[in-house]
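Trainee: Could you put the whole structure together from the sequences, leaning on the hints where they help?
There are 2 protein chains.
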Amino acid sequence: MKIKRSERLVDLTYYLITHPFEIVSLTYFSDRFQAAKSSVSEDLAIIKKRFESQKIGKLETIPGASGGARFIPRLAKEDQEVMVQDLIDEINHTERLLPGGFIYLSDILGNPKWLQVIGKVIANQYLDQDIDTVMTVATSGIAVAQSVASYLNVPFKIVTRDPKVTEGSTVSVNYVSGASGQRVEKMELSRRSLEEGTNVLVVDDFIRSGGTIEGMRSLLAEFKANLIGSAVVVENLVGKSDKPKDYQTLISVAQIDEDQKTIEFALGSLFDS
Amino acid sequence: MKIKRSERLVDLTYYLITHPFEIVSLTYFSDRFQAAKSSVSEDLAIIKKRFESQKIGKLETIPGASGGARFIPRLAKEDQEVMVQDLIDEINHTERLLPGGFIYLSDILGNPKWLQVIGKVIANQYLDQDIDTVMTVATSGIAVAQSVASYLNVPFKIVTRDPKVTEGSTVSVNYVSGASGQRVEKMELSRRSLEEGTNVLVVDDFIRSGGTIEGMRSLLAEFKANLIGSAVVVENLVGKSDKPKDYQTLISVAQIDEDQKTIEFALGSLFDS
Numbered sequence: 001m002k003i004k005r006s007e008r009l010v011d012l013t014y015y016l017i018t019h020p021f022e023i024v025s026l027t028y029f030s031d032r033f034q035a036a037k038s039s040v041s042e043d044l045a046i047i048k049k050r051f052e053s054q055k056i057g058k059l060e061t062i063p064g065a066s067g068g069a070r071f072i073p074r075l076a077k078e079d080q081e082v083m084v085q086d087l088i089d090e091i092n093h094t095e096r097l098l099p100g101g102f103i104y105l106s107d108i109l110g111n112p113k114w115l116q117v118i119g120k121v122i123a124n125q126y127l128d129q130d131i132d133t134v135m136t137v138a139t140s141g142i143a144v145a146q147s148v149a150s151y152l153n154v155p156f157k158i159v160t161r162d163p164k165v166t167e168g169s170t171v172s173v174n175y176v177s178g179a180s181g182q183r184v185e186k187m188e189l190s191r192r193s194l195e196e197g198t199n200v201l202v203v204d205d206f207i208r209s210g211g212t213i214e215g216m217r218s219l220l221a222e223f224k225a226n227l228i229g230s231a232v233v234v235e236n237l238v239g240k241s242d243k244p245k246d247y248q249t250l251i252s253v254a255q256i257d258e259d260q261k262t263i264e265f266a267l268g269s270l271f272d273s
Numbered sequence: 001m002k003i004k005r006s007e008r009l010v011d012l013t014y015y016l017i018t019h020p021f022e023i024v025s026l027t028y029f030s031d032r033f034q035a036a037k038s039s040v041s042e043d044l045a046i047i048k049k050r051f052e053s054q055k056i057g058k059l060e061t062i063p064g065a066s067g068g069a070r071f072i073p074r075l076a077k078e079d080q081e082v083m084v085q086d087l088i089d090e091i092n093h094t095e096r097l098l099p100g101g102f103i104y105l106s107d108i109l110g111n112p113k114w115l116q117v118i119g120k121v122i123a124n125q126y127l128d129q130d131i132d133t134v135m136t137v138a139t140s141g142i143a144v145a146q147s148v149a150s151y152l153n154v155p156f157k158i159v160t161r162d163p164k165v166t167e168g169s170t171v172s173v174n175y176v177s178g179a180s181g182q183r184v185e186k187m188e189l190s191r192r193s194l195e196e197g198t199n200v201l202v203v204d205d206f207i208r209s210g211g212t213i214e215g216m217r218s219l220l221a222e223f224k225a226n227l228i229g230s231a232v233v234v235e236n237l238v239g240k241s242d243k244p245k246d247y248q249t250l251i252s253v254a255q256i257d258e259d260q261k262t263i264e265f266a267l268g269s270l271f272d273s
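Protein chains in written order, with the UniProt record's numbering: chain A, 1 to 273; chain B, 1 to 273.
The set of hints was computed from the structure by calculation and includes no laboratory data.
A portion of the hints provided could be inaccurate.
Copies of the same chain are indistinguishable here, so a pair counts whether it falls within one copy or spans any two.
In silico PhoX-like pairs for lysine-lysine, Cα to Cα no more than 25 angstroms straight-line [unchecked claim]:
#1 K37 to K186
#2 K245 to K224
#3 K2 to K37
#4 K4 to K49
#5 K261 to K55
#6 K261 to K4
#7 K261 to K58
This structure is a prediction, so every number in the text was calculated from the model and none was measured.
Mentor: Laid out in structure tokens, this is it:
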């Protein structure tokens, strides 16, 4: 059955959005729609223009007979900034400070709307870096990892702090936890989770001492996997450190009011020019 | 600037898909597009037809001056069955059996594609039940909860087994863990997570003895929240039980080969006619 342009546009838009990074070949769609390749090409040009003007992302076109297009959820830096600033406005001036420099973020990390913002912006920093998998540590980083992974269209792996019987055999490392380096803990990952040479993006919801990120780094070394980058949603460094930071942050803490238990948040290192 | 039908269709399709359950008013879109309401109405009719024929979901139209449309990711039962059968084909005949009747599922639960299937099908059972929030227990249920919640467009809450300092004050209950009822464990939820009277859907990745689901039930009672339903991805009951099941399953275990460590999976109770 022949399908009209208006109908093709609905199908194509849906397909592209739900298959980021996958190349959509002109041949596949011209067969599916029983339409000339030139018509499908024109459809894609319309979609490309709208995706850019609506800040949905880029449609990259691949020329030639075996050509097609793929949707990359790429956003301009200033649009990312607007999205993260919205999130900051949401969490500023609310009671979020917990004992020990921790910050209550469970509501944000359990809200699909904010997870989309977080996932999209973190993914945007690594769109061209050939990430094979996203990795995080349980529990609170999982939602972040899932969202980032869905925009990169790759799987994600969960490192756990307690032995989980549902994982099968695991590889573990020790790491230093806590701001003053007072505790040594263990983290582990299922042995069959990661192959040698995998390109890994490490993400987490919160960083305080950097010990967790450090632990994931040594775990990746055990697996002979490549750490491509690390990104964290909120940073609240306890104590000053002169060590250069080898992770990016979406949001940092600008000021803390211990009496009101409120915190003022600001754009993180991702937005440093 | 006036926007053509072809362009409007791209924008509308994107907007509807990324905002399930939200009512899109004709007024809002006729202003945004500088188009007559009747034109936007026709756009929505085209989208409605394609969403149904492509099994994307239903577009419910609300008549009248204050009318509009909302996208419900509703699928026919037979389409859900095809999707889950694909997942079963993926996991059948692979080495997944772990000691104690556990099953390795981390690869599936870390794959955005399969999480979409799981989320969409579980959400479909509760589209008309006014769910306010999805709840799960850490760690492995989180990805399931996030996916289900995104299709229902509601937040999700994570119950933890170990005290988490990032949660603030919590409410905890004890529950019996393990197939032969040999261990009593504790699970807790951040006090500010749930309000009285909230309608909750409980989800989990795996059920073996039912103790975890039972624990979540008592936790909800503590919060005076309403348990609307429970759904689990894979069920592997250890030992026979005559107790009626008060949860639904996507996939059940049909046969276990202890030597080969393989399991044969089948459609779960969700698909009982």
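Trainee: Going through the numbered hints above, which ones does this structure break? Give me the numbers in ascending order.
Mentor: 1, 5, 6, 7
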